[in-house]
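If you're matching them up, the sequences are chains A, B, C and D in order. With the first letter of the first sequence counted as 1, position 52 gets the number 51 in our numbering; the numbers rise by one all the way through. In short: position in the second sequence from 1, add 55, done, that's our numbering. In short: position in the third sequence from 1, add 450, done, that's our numbering. In short: position in the fourth sequence from 1, add 19, done, that's our numbering.
Calculated from the structure, these hints are not laboratory results. For clarity, every value in this text was computed on a predicted model and none was experimentally measured. For every residue, glycine included, the Cβ atom is placed at its ideal position computed from N, Cα and C. Keep in mind that the hints are not guaranteed to be accurate.
Cross-link-like lysine-lysine pairs, in silico, BS3-like; alpha carbons within 25 Å at most [stated by the list, open to error]:
#1 LYS669(C) x LYS723(C)
#2 LYS482(A) x LYS395(A)
#3 LYS694(C) x LYS778(C)
#4 LYS512(C) x LYS669(C)
#5 LYS120(D) x LYS77(D)
#6 LYS164(D) x LYS168(A)
#7 LYS941(C) x LYS771(C)
#8 LYS961(C) x LYS989(C)
#9 LYS764(C) x LYS941(C)
#10 LYS241(D) x LYS1041(C)
#11 LYS1041(C) x LYS34(D)
#12 LYS256(A) x LYS34(D)
#13 LYS172(A) x LYS164(D)
#14 LYS993(C) x LYS32(D)
#15 LYS164(D) x LYS241(D)
#16 LYS241(D) x LYS168(A)
#17 LYS482(A) x LYS470(A)
#18 LYS450(A) x LYS464(A)
#19 LYS567(C) x LYS961(C)
#20 LYS54(A) x LYS993(C)
#21 LYS941(C) x LYS719(C)
#22 LYS172(A) x LYS34(D)
#23 LYS54(A) x LYS120(D)
#24 LYS464(A) x LYS420(A)
#25 LYS164(D) x LYS993(C)
#26 LYS54(A) x LYS989(C)
#27 LYS512(C) x LYS865(C)
#28 LYS256(A) x LYS395(A)
#29 LYS420(A) x LYS404(A)
#30 LYS1041(C) x LYS32(D)
Here are a few chain B residues that sit away from chain C, every Cβ distance over 12 Å (derived from the structure) [said to hold, decoys possible]:
#31 HIS61
#32 PRO83
#33 HIS119
#34 ALA122
#35 ARG128
#36 THR130
#37 ALA251
#38 GLU253
#39 GLU258
#40 LEU288
If you want the building blocks of each chain, they are given just below.
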Amino acid sequence: MAEQRESTDIQFAVIGSAGDGTIAAGDILKRAMAGLGYKVIAFDIYPAEIRGFGKCISRVRVTTEQAYSLKRHSDVLVSLDDSYAIPHVGEVCDFGAVIYEASPIARQPEGGHITAHIRPTQLPYGLNQREISERATNAARSRNIVVLGYLAGLYDIDPQAFRDVIADKFRSKAAIVTTSNTAAFDAAYEVGKTVFKLDQGSLGEPVHAREGETATMMTGNGAIVRGCMDAGLDTFFGYPITPATTILERLAAELPKHGGRVLQTEDEISAISATIGAGYTGARAATATSGPGLALMAEMLGLGVMGEIPSVVFVSQRGGPSTGLPTKTEQSDLNIAVFGGAGDAQRIVLAPTNVDGCYRTAGKAFEMAEKYQTPVVVLLDLYLSNRYETVVPPAKNPFAPSMNKGLDAWRGEGAYQRYQKTDDHVSPRAVPGDEGGMHTVTGLEHSEFGKPSDLPENHMAMSAKRHEKLKAALTHPDFTICKRFGDEGPVDVGILGWGSTFGEILEAMFAAQAAGIRCSAMKVVMLSPLPEQQIVSFMDDCGAVLVPELNYEGQLANLISGALGRPVTRLNRVTGAPMQVEEILAEIRRLAQAKAA
Amino acid sequence: MAEPTHNVIIGNGSAGNGAAITLRERDPDSRITIITMGSLPFYNRYDLPRVFRGCDDWREILVHPLAYYDDNRITLRRNSRVTDVDGRSRSITFAHNEVMHYDQLLVCAGGRGYLPEELSDYYGLMHGFHSFEAAITTRRALPEGGTVVMLGGDMIGLDLARTLIDVGYRVALLANEYTFWPHRIDADERGGFIAALEHMGIEVVDGMRPVAVEEGAAGTPARRVVFDDGGSLDGDVVMPFYGLVPTAEFMLRSGVDIERGLLVDPQLHTTDPHIWAAGDVCQIWSAADNEYRFYYGWTNVRQMGEVAARNVTGTNEPFEGVDDERLHIGKDGHILSPFWEH
Amino acid sequence: MSGRRRGEKESTVRPAPASGDGGVWYSDDPRDIGWVRENIPCQSACPAGTNIPGYIQAIMEKEYGRAYEINREANVLPGILGRICSRPCEDVCRHAQPGNGETVNICHLKRTASDLKHVGHRITESLYTPSGKQVAIVGAGPAGVAAAHDLSLLGHDVTIFERESDPGGMLRYGIPAFRLPRDVLHVELHNALRLGVELRTGVEVGSGEGQTPLTRLGKDFDAVLLSTGSMAPVTLPLKEGVGKDNPDSIEGVEYGLYFLMEMHRGEKKTVGKRVAVVGAGFTALDCARVAKRLGAEEVTIHIRTAEEYIPVTKDEIFECKREGVRIKGLRSPAQLSVDDGGRLRGIEFVQNRLGGWRENGRRAAIPIEGSEFFEPCDTLLIAIGQRTVNDYLDIKLELDRWGSVKADEGGQTSKKGVFAAGDYVSGPTTIIEAVGNGRRVAAGIDTWLMGRQRRRQVVRIEPVDGPLRERGFDFIERQHMPTAPLAGRNKELTREVETGYDEALAATESKRCYLCNLKYQIDVDNCIYCRACIEVAPKNCIKLVEGVEIREDGTYGELLETSEWDEVGAIWIDNNECIRCGACFMVCPTKCISITRNEFVTQDI
Amino acid sequence: MTELLKPVYLEDKLKQVRGDGHLQYRSRSLPTWCPGCGYFSVAEGVAAALNRLEVALKDAVIVSGIGCASRFPFFMDTYGLHTLHGRTLPVATGVKVANEKLTVIAVGGDGDAFAIGGGHIPHAARRNVDITYMVFDNGVYGLTKGQTSPTSVQGFVTPSTPYESHDQPLNPLMMLLSYGAGWVGQAYAGRPHHLADMIVEAIAHRGFSYLHILSPCVTFDKTEMTYSNLDVRVRDLPPDHDPADRMAAMEQAARTAAPALGLFFSETRPTLGDGFADVAARATGRPAGKTKAARKK
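Isolated chain A (complex conformation):
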């Protein structure tokens, strides 16, 4: 019964209450699997409460070939709390396994136990999670580790991979924490190994990374941090806010090692202010926040635009408006990222679509901020920030250490003009310490000298300058501002997408192609300025254009039809959860049939 599967595509869903260590279990699982060389995509869902209450789900998809999103159906469901897991039993596929607490403490009414909901096509595995934990550690706390040991045993996964991750995870804690958790893991591993397996036991061999490369696993936020590091970030100012907090935390740990500085400010207003200030001095500076923080920063971003000061703002979107759904994903900050703030304050807005993209975009954002002397907003979302993917970082650092058009580029007679007119509309920028480059930056509209001026022709000219200079970003070296996938030439259906949703879009497109529909998809990474020609020529090829987004208003659809006056079909979801491949696929089918008819 234990014959090997040649290729593996198995998705685990660990579900429990926030106090059960659900997320931690998922984290150890994904890290162990990646460590073994599998490709992993993982995403956690947790409530706003700290712990003790609220549903947590950690989904981990483990594959041998590249996958682009999570699956709708999980192959294994692990319940750490039946009351939360029961609604998800239906998510388990046929002959998928459901692993649950076999002897719960509390009396339950009929239907209170998960066995009441497991369908005949699913495989029930009762496990004395609590008892095993208590036997091994004298406490029930390690139930989440127990289920991992059981999984390892059940699916014949190398236990050492887990032990290593466990040891690493509890490194900072007292040694007893590691030993007792390992004890719990080993005890459960034996149980999992010896339990009668109702279906084939083991996973296929992982496909290891190619020579010279080492696949590592990181989250979107992790990749952002890696990008910042490689781009030579100097200073970072942040204020905790879900889901951007981990950028602050990771940089706080990493940056000082390379001479950089991280400060947790008292609020977002202070964070962006300090970032702008540092940018003024010529440093590579950044901050990270979410929608509510971005709203607070809008005014200061205006100063950045007006003063033409480089800065990078990473914005990980969550459900809005206002405090909204702090722990749910959404793509509804496109408007404020592109338009937010007072006046005509265009800035560069970039939106990577996967973890690898987060890395490149982060690095490139600093190049652009510097090269075009502007704030750059990088749009992420909770789903992308927190989801794990296995990526292969480039062998050599792909980012230019500096693209500053400095004082040495200044040509002309007389006194230095900070905002001098030039062909590319970018003026040589002196920073404090440059001999002979002294000037004043102000939020007031100003002349080429930087002196306040409200003359009509000046404001006209300066507004034009601030907008024109950004067009060059559309051809920024070694950066994909947009890209087309799928069938070449004319297609029945084209899909335009941005951000994290593009993973589901790709999987849907592949499925549609498999179903014989001619279609292709384009991801738009640069959202301001908008790559209009590329989009237009793509749309010319498409019978119908579908724009799936995780927002209610269709913010990209508005952007496109507004800018290009082209009609598009919208697919909008604001469930707080990622879009589902099936939803997009259904829409593609509908459009394809409509076209055929």
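Dock chains B, C and D against the given chain A, drawing on the hints supplied.
This is chains B, C and D only, laid out in the frame that chain A set:
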């Protein structure tokens, strides 16, 4: 009170499933729940020997397609062990601490293999045949052409023995009063049947009393059965077949009468108005024999399930057991038993 | 409402005598007494009221001597009861409740205290000053011996009259040595009687030739206690045929009681190849096991109802079966059949069906017309019960409808100064009930002799610094009693079957006890309702409550739970669920959880 | 350890607890703070205090910002206002200005109060708006999972300060005293009775009252502000401490190693409401007394 009546069946064997489908036919609106300790849907225990013919996947021995349960709106509760039944509150308590209410309860929990008390210390060293899981485990412990030492040898065991020999294993049988259970064999005919077993290729050791089972010494087979006279017999696995005893412990506090099994009247009604029983778990009053007795064999068991279900849903018919106890030897010298006809 | 009445009852709680006995309180509040009754199920179930958690904790601490003494306070024969007790305590042990596993081996631990106590162990007795009163006790069985012991402690002069040559009654003449070794029996009887009790054996009380009349004892002594037990067998009711009225007149038929007594008096007993035993009590099982040892090939116990309903421990039935004894249910002997030589050749049984429950908690069996069937056998041992005999009485005493003497709870019969105890009053019960009753009656006699009650029971409440168990203990399997190898068992009549725990086994088993005498309690005044305790609770043992039921007798009933925050009056530890693991105690932020040890103690009044 | 005074009887306690009426201030649903959180203690205290002061549910408004502490209004049955991070006091001020009859309690954590909201506190204090501001100080950011806060000890290791925090913690009590707050006190969640008493006084005080509550975070601070640490560190204010003496209060507040519990400073002076009345008086030319805002009780 728009709640549909909840008919609960404890036991996922022939009796339970016979009862379930009968209930569904006769009462389309009722809720029907089958409770089983096992982790598999209904499969035929009589197909288990197939495991030794290489059947590896439980899906191959299922009686019904998996859709059967949804199609007939039968809820199957697997891995669910009942620890207590309370006749007064009409509730069932599971080992996993869930409490379930029933309107009518059919107990079809069947029986488990009996192991004489004097051998109970050696349970851990013996192999079982009571479930698919047990059968697979046993087969995995059995080397190519290995030897099975069979203790007792009831008709379930002898049925397995037929297959084992057929696929090239050796079977050594320690015959005793349980051999041929549930058939009652008169002393004079016994010799003939033993001979027939030998004719089947079974190595019969008669009249030896096993007192211990031990791990085999290095280089010898995995198990050794020791006799009271100090003699012994080696084998790769030791399988006890001493007939069945009813699985009724969980009913001890239910308030229904129990001797060895649940005591029921010919209508399969227990002493609790809302509880019926069918299959190997119940001892039926037989007016003919003036005693409570068991009826074994697939046909009987299935029959009981259906009769009980009909009586639950209103009729009041007695169960008439097919009571053909005769064991005979066919012209080819093979043993023929009604117990084996399924 | 009754709660309000209870509110003022704190006056009944008195501080400990100023003996620096820090923090200890003695209470007779019904809520404290009720708590101990309900929360220490084993002790409540014990007819002698043995402080079970107390002695098991002592064993846990390897203080075997102390454990033995704690036992002796309630029951003067720990080593004996530690072997042959009917163990009503284990039926109610909290560890055996659904989901908690198996009962603690309370009885075997009691024996351990006796087995493992230091060879030089000295028993402690607290003696009252001599009262000058004289008490005669008729019958040196468990009830008589227990009463004699207590009465002598209380300062009275006790004389026991025993017709057999040695004391012990059923202990010595009923129970075979392979269950109760005679050296153990001797030592503990001696310990019980050595405080100046005068034992006159071979003396028959009665009006007959050479017998001592009861009336004389009445004159010579201030009080007389009758504890002559139930020493006659209940006759076998046969429908018809030979030996209808006197079955034991048939060769091959004997009454089990006499069979055992004669054997223990030293007579040589034999049985045939096929032995049938009729009966369902310990005596029946003993007869069967003796028969096996006397060489019977096939021994069958025939019972009227079913195994599930007979009053013997499961262990006993199991050992019995392991030795090869068969048990067959739902049958009663209808008549005996004899061969031409008048020797027993078999029994005709009638098939039974189960009837309703009898008030003694047994099942009734109803014979089925025309369901007779025959089973051959060479020996029949009848052990269907015992009854009391009153023919030795030469005074008029009121009897109840079973022919037993009527006595009030103090043991006083219809004649002032004449008391009765043990099986003689209650009819055949268990050893532990006899001991318990003997002690109660001794107290009754003392009160009567001294004209007032001298002692009373109160709850001793003592603070405990911290938890004494850890959660891991709850997963320890029940440690089974080691037994002599099966092979050869049936060849030796006196070799003890159960060989006893060693220190390691005892230590392991004693850890399993929940120590139910520990009371975990949340001080509501300091509780901030943060539920940290509930978070770590191993079971559903800590509850949000809005109220508690108060019963008629003033004790606590059900906790009324709620999940609505604005109804929660207290977070409460449900001691019926609590397994005393102490997890809550460790995490409480405001240290508002207290642990106390609550035990019954007797105080002088 | 556990010193048993005398047996406690459940139904006596229940009678007392359910009889005193403070349960009505609790919400129906159970608080979602981590089991063991000190905030439970504050919740009990506020319920008890409002009960003792006989403040009707309808007349009490609890305003909060963002953070664990700011979930507080959800667990009380009074009016509640859960606003934005750090913006608690301005909102609370608005409520009071609009309706002087309300008992307004502003609550928040140390981050909400002294990091993002720090700028608002001096102004609420100097205006002497008649509200009670309670800061539940656990010295850590709980809701965002354990980063350092303005009151975190120096050298605190958190995910955002993996190499120890460098900033020294600010001293809320000295801040408030220097801001001119009219009532400044400190309590500790581990002393529920004293805490309740302080809350009563704080609410009863006419004018801006600031109650600082030391309240351990059992989830993200296992080393610094734990119950076991605070149990030994806290002390009572010296019996001879004069609450009218602001400098003495400063000295006591400066001794952070052994935080003092009790009333540091108290003075009564015209409130923001009185100010409005005065302005109204000048504007209308009527004598102030007539239109003075109705005083409590």
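We went through each hint and held it up to the structure:
Under the criterion of a C-alpha separation no larger than 25 Å, the hint pairing LYS669(C) with LYS723(C) is inconsistent with the structure, at around 54 Å. About 23 Å separates the Cα atoms of LYS482(A) and LYS395(A), which keeps this hinted pair within 25 Å; it holds. Among the hinted pairs, LYS694(C) with LYS778(C) is consistent with the structure: their alpha-carbon atoms are about 23 Å apart, no more than 25 Å. Proximity of LYS512(C) to LYS669(C) is assessed by CA-CA distance (about 50 Å); at most 25 Å being required, the pair is judged violated.
This hinted pair checks out: LYS120(D) and LYS77(D) have alpha carbons roughly 11 Å apart, not beyond 25 Å. Restraint check: the Cα-Cα separation between LYS164(D) and LYS168(A) comes to about 16 Å, which is no more than 25 Å; the hinted pair holds. About 16 Å separates the Cα atoms of LYS941(C) and LYS771(C), which keeps this hinted pair within 25 Å; it holds. With a C-alpha separation of about 19 Å, the suggested pairing of LYS961(C) with LYS989(C) holds against the 25 Å cut-off.
For the suggested pair LYS764(C) and LYS941(C), the alpha carbons sit about 24 Å apart, so the restraint of at most 25 Å is met. For the proposed pair LYS241(D) and LYS1041(C), the alpha carbon gap of about 17 Å is at most 25 Å, so the pair holds. The suggested pairing of LYS1041(C) with LYS34(D) holds, with an alpha-carbon distance near 22 Å, which does not exceed 25 Å. Restraint check: the Cα-Cα separation between LYS256(A) and LYS34(D) comes to about 62 Å, which exceeds 25 Å; the hinted pair is violated.
Proximity of LYS172(A) to LYS164(D) is assessed by CA-CA distance (about 16 Å); at most 25 Å being required, the pair is judged to hold. Among the hinted pairs, LYS993(C) with LYS32(D) is consistent with the structure: their alpha-carbon atoms are about 15 Å apart, no more than 25 Å. Between LYS164(D) and LYS241(D) the alpha-carbon distance is near 13 Å, which keeps this suggested pair within the 25 Å criterion. Proposed proximity of LYS241(D) and LYS168(A) is supported: the alpha carbons are some 17 Å apart, at most 25 Å.
As the CA atoms of LYS482(A) and LYS470(A) are separated by approximately 18 Å, the hinted pair is consistent with the 25 Å bound. Simply put, LYS450(A) and LYS464(A) have alpha-carbon atoms about 16 Å apart, close enough for the 25 Å limit, and the pair holds. Note on LYS567(C) and LYS961(C): the hinted pairing holds, with a Cα-Cα distance of about 18 Å set against a maximum of 25 Å. At most 25 Å may separate the alpha-carbon atoms for a hinted pair to count; LYS54(A) and LYS993(C) meet this at roughly 23 Å.
Annotation: proposed proximity of LYS941(C) to LYS719(C) holds, straight-line Cα distance about 15 Å (limit 25 Å). Of the pairs offered as hints, the one joining LYS172(A) and LYS34(D) is violated, with about 45 Å between alpha carbons and a cut-off of 25 Å exceeded. With a C-alpha separation of about 41 Å, the suggested pair LYS54(A) and LYS120(D) falls outside the 25 Å cut-off, and the hint is violated. Between the alpha carbons of LYS464(A) and LYS420(A) the distance comes to roughly 8 Å, so the proposed pair stays at or under 25 Å and holds.
Annotation: proposed proximity of LYS164(D) to LYS993(C) is violated, straight-line Cα distance about 29 Å (limit 25 Å). At roughly 22 Å between alpha-carbon atoms, LYS54(A) and LYS989(C) fall within 25 Å of each other, so this suggested pair holds. Distance hint between LYS512(C) and LYS865(C) is unfulfilled; the C-alpha atoms sit about 48 Å from each other, more than 25 Å. The suggested pairing of LYS256(A) with LYS395(A) holds, with an alpha-carbon distance near 20 Å, which does not exceed 25 Å.
Between LYS420(A) and LYS404(A) the CA atoms are separated by roughly 14 Å; this keeps the pair inside 25 Å, and the hint holds. Simply put, LYS1041(C) and LYS32(D) have alpha-carbon atoms about 17 Å apart, close enough for the 25 Å limit, and the pair holds. For HIS61(B), the requirement that its beta carbon stay farther than 12 Å from each beta carbon of chain C is met, with the minimum near 22 Å. The beta carbon of PRO83(B) sits about 36 Å from the closest Cβ of chain C, which is more than 12 Å, so the claim that it is off the interface holds.
With a cut of 12 Å on Cβ distances, HIS119(B) stays outside the contact zone with chain C, its closest approach being about 33 Å. With a minimum CB-CB distance of about 36 Å to chain C, ALA122(B) clears the 12 Å threshold, and the non-interface call stands. Against the 12 Å criterion, ARG128(B) stays outside the reach of chain C, whose nearest CB is about 31 Å from its own CB. With a least beta-carbon separation of about 24 Å from chain C, THR130(B) lies farther than 12 Å from that chain, consistent with its non-interface assignment.
No beta-carbon of chain C comes within 12 Å of the beta-carbon of ALA251(B); the shortest separation is about 28 Å. Every Cβ of chain C is farther than 12 Å from the Cβ of GLU253(B); the closest lies at roughly 28 Å, confirming the non-interface assignment. With a minimum CB-CB distance of about 26 Å to chain C, GLU258(B) clears the 12 Å threshold, and the non-interface call stands. Every Cβ of chain C is farther than 12 Å from the Cβ of LEU288(B); the closest lies at roughly 18 Å, confirming the non-interface assignment.
The structure shown violates the earlier hints numbered 1, 4, 12, 22, 23, 25 and 27.
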